[in-house]
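Colleague: With chain A's structure known, arrange chain B on it following the hints.
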Amino acid sequence: MSEVVRIAIVGSGPSGLSAAAHAAAKGLSHVLLEKTDHLSDTIFRYQKGKHVMATPSQLVLRSDCDFAAGKRETILKQWNEDAAKAGVNVRYNSEVKAITGAKGDFTLTLANNDTVRAENVVLAIGTQGNPNLMRCEGAPLPHVQYQLDDPAEYIDEHIFVFGGGDAGIENALGLCADQAQGNVVTLVNRSADFARAKDANVKGIMQARDTGRMTILTETTPSLIETGWITVETPQGTARHKCDRIIARMGSNPPRKFVEAAGIAFTSDAPSAFPQLSPTFEGTAPGIYVIGALAGYPLIKHCMNQGHDVVEYICGATDLKPADEPILEAKLAHLPGKLSVADWLEFLRSRVEILYGLSSLQMREFLLDSEVKAFRKGEVIFERNGVGSSLFGIAQGSVLVEVDPKDPKITVPIPAGSIFGEVGLISGRRRGATIRAGEDCIVVEIPRTGALKLMAQVAEARETVNRITTERQILQIFKSGLTPADLAEVLPEAQTMEVKAGQPIMSEGDEGDDLFIIRSGSMIVEKMVGGKNVFLSYVPAGSYSGEMALLDGGRRTATVKAAIRSQVVRLPGEPFRRLLEKKPALLKRMREEVASRRKVNAFVEEQKDSFGGVVDMYSSVASFLIDQGLGEATDVLLIDESLCVGCDNCEKACADSHEGLSRLNREAGKTYAQIHVPTSCRHCEHPYCMTDCPPNAIQRGPDGEVFISDACIGCGNCQRNCPYDVIQMDKPPPEKPGLMAWMLFGMGPGPGEPDKAWREKQPKAKVEKGKVAIKCDMCIGKAGGPACVRACPTGAAIRVSPEEFLSVALLERG
Amino acid sequence: MAAARGKTQRRRTATHESFLRHGRFLFLRAALILCAAAITAYILQKPIPRPSGGTALGYVLGTIGALLIVWLALLGIRKRAITAGHYSLKAWVSAHVYLGLSLIVVATLHTGFQFGWNVHTLAYGLMLLVIVSGAIGVWAYATLPRTLSDNRGETTRKQMLAQIASLDEQILEAAQPLSRQNADIVRLSLEETDLGGGFWRRLLARYGDCANGQALSKIGGALRGASGPEAVALAKVEDLMQRKAEALALARRQMHITAMLEAWLFVHVPATFALLAALTAHIVSVFLYW
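Just so you know, the protein sequences line up as chains A and B, in that order.
In my numbering, each residue carries its 1-based index in the first sequence increased by 911.
In my numbering, each residue carries its 1-based index in the second sequence increased by 11.
Hint data in this document are derived by calculation from the structure and do not stem from the laboratory.
Here the structure is a predicted model, which means the values were calculated and not measured.
Errors might be hidden in some of the hints.
Claimed, not checked - One-sided excerpt, in silico: chain B residues whose CB lies under 10 Å from chain A: (1) E28; (2) F30; (3) G87; (4) R91; (5) Y98; (6) L100; (7) W103; (8) V104; (9) P156; (10) R157; (11) S160; (12) R163; (13) R168; (14) T204; (15) L261; (16) Q265.
As the list claims (entries may be wrong) - Using 27 Å as the maximum straight-line C-alpha spacing, the simulated DSSO-like pairs for lysine-lysine come out as follows: (17) A:K1438 <-> A:K1411; (18) A:K1438 <-> A:K1364; (19) A:K937 <-> A:K1014; (20) A:K1472 <-> A:K1443; (21) A:K1390 <-> A:K1472; (22) A:K1642 <-> B:K169; (23) B:K247 <-> B:K169; (24) B:K169 <-> A:K1581; (25) A:K1675 <-> A:K1642; (26) B:K247 <-> A:K1667; (27) A:K946 <-> A:K1168; (28) A:K1667 <-> A:K1680; (29) A:K1672 <-> B:K169; (30) A:K1682 <-> B:K169; (31) A:K1667 <-> B:K169; (32) A:K959 <-> A:K1109.
Claimed, not checked - Which residues of chain A face chain B? A few of them, derived with a C-beta cut under 10 Å, are: (33) L1650; (34) W1653; (35) C1690.
Even for Gly, the Cβ is constructed at its ideal location relative to N, Cα and C.
The following block holds chain A by itself, in its conformation from the complex (with noise of 0.2 Å):
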């Protein structure tokens, strides 16, 4: 074929369909190279009968093929209608293997070794033909796919489907739609919650959950495959189940060979980068223009608009503006400097570190979740202990953050580039610190939910908030006035790892002097006494261990092991003591905290030899309650069962001082030697019931105490995420009668919960509302605190934290 087309496109999914059909509507030379024989593979391709998406809603669909959310066949129904209607010219079965030539006259040479002439390229071959792999021992057998076309396919099989974006939430969903297939099937997701998938697809999910069709793993992975089994990594432990079948729908990434041997640079080397490109689709070789998928835009009505775009480009259009562009014009319009959108983005993405990763395209959408604001110097941007979970990331100026709170003028600064507010992130507390615009400034504010989506989403974003989340928390830990400089050293040797419950991070009599910073989650110190494992001291988030072989040299004195799953920053032991001689401060806070380790140490081996059934309680005493969850609350209830009376006067107190309803259940849990962990909330560092709450109503308090505010929707996701069974959905009572109405002439139910009778004789309210989580708040607001505890007449009910209550203190009271 030696006639050159104006444009040849590679791949007819919806980005190339629709850039063909609006060439053929200009009346352009064109071809449209599929490598398959039908048009749109990757819809071809999925699920028999599954109900295809349109979002973004409030985008404008601008394109010559038509689209709407319906079913796949009803889809490609539609585009092969359109296709030939606009009269595209497609060659099917040409699978494009290499480009050559440059711009005006490119040869495209095709598998079958055909080649097509074109003045320009548009590649629209997405990313679905080069999907993430398994990596785990076991990976490369047969029953591992990473393709499901039709669920009705299997019959009676346990399936494990790994992946929360869409692709296997829709793959899970579909395996266990008909009961009748008989099919076991698991959902496991890497991460706590399901950012990445669409909306109604998660409420899918927590459906099929909840009537028993399927269940659902989060923060899992998988460890080893073998025929029928299947070995995860869950927070609880490993587990081994029943597995006939995998399914891996773990993303994809760009088949990057291909497209940089065209000359196309890529924005970096991450695997999940996508191609560097003009604001008009162009590559780094002139010509090529890439859309859809493959320029980082999943979402088909985004790649129907650019297939439409690009070709106007091509013709040489200049001011066609993408659809978005009203939209985001209206959100940028209050910036000063004025600014086209283009421009905005550009600014935005090359300035600020975590937005690096992205392609101006993704920037696009990503600015539709975020604001951008403007302050002047000194203008408070968030104030300490205010609500809000939401990331800030620095375009220009600096801010200063205010982290003594007696003295506002202490400051330190966090310069253009960086992030803050990143706390809220991870565990939900208020703000920390009051953060001021130390010049004037420009800061991009993402919601919590599009930080995670965008930390989900590019490798790159994710790293750089975990490096300076550690940076930080490393330097909040040490404090004694050190610097990021002095760290410089020590960070890059720093390694960042995952630790199973129960698993050591160092083994008494080991050699070693790395520092371990507990991130999240928290250890447990044993040592070996007498031949048994005695419980020597809690470790919770945000403290280090290690640091007495750091010290003093010698193999580690006792073991370390997680509580619950945790992620610790090994500290390497040869630069770390270096800034310590430079840092004589460090140096005598660390050496205070050896000696009182040490004290502790001696303690319990004194007790050993005095009366040693006392140190076995204390060391069971305080490995139940790490069973019981301690291990990642922050405050909890406990009642003393030897002064218990049974009295339930914290219930009532409870009940009567949260609207009438109960969030205490004193007499379920479990006891051990008298200490009775009763059903309660634990006021968890990552709370469970945070990480999926769509109206974003569950936060922390400014003492720590995790509530769910009025925003509550009662869609019982926090209900069902919580592990300890503290949560209830419930609507609270009406009101009832005073104290003394009824001390003196027994109106009403009394103190504590109104039973069943008496609530349905209560006249209806005129709106009935309807039911809402509940659980511990701590008693937020109230000056005396929770009530529980203050109406406890024996003093059997104490809330603790677990630093304060799993110390010495324990062994003390025997």
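Modeller: Frame of chain A; chain B shown alone:
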């Protein structure tokens, strides 16, 4: 207490101390000081014609005693009024116990050891009744919780009831093949078993006439004379009734201990109201007929 921005001043923790040891025996010390002061004053005074409620010291001790009694009685309201500010019911109970006991000294010295058959001595006697019943309460609170906890283990009240209900269903199911005569024995267990009974029964734990127990022994008898499918069904029913007997025993022990924890209150609280009435009569009569 307004929560200042940046820091809250909420109390969050309570020390792990029982009501008896509260504040390192703060109220025991206070009560001992009160008693010591009252005794010293009593010894040092030179009353004419003799020690009585009508002397200066008598008035002082009487006023302290009356105010204490009224304040001690307010515990009933304090316990139930869940206010938002800081208070510790444990501290109140601790004070209630020790200051209540100190009344023995304060009120006795107030009487000047003058007793008779009148409303004044009635008030004194009622006060002693309240104090003695309260002391029994302290003993119960200090010793019984461990037994209560050990008895139930991790079983809740609801679970105990659910277990008995579930066993009843299983017994009914298993009894289907039985003859009329044996079915009547099963009905005895299903229909006549009284779980707890009245307060006295619970307090004394007298369950010798338990319908399930009777049915169990009758079934044992029937089983000895039975054969074939009837014997198989009877054996199954006997096993289930035995388990029901164990479940009943657990629940009844729990109710028994709870009753012991509450029994003293049935004296303590009514006697308190009687005391308040007698005290009012005592004060009014003293001032009217003096």
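Colleague: Can you give the numbers of the hints that this structure goes against, from lowest to highest?
Modeller: 14, 15, 18 and 26
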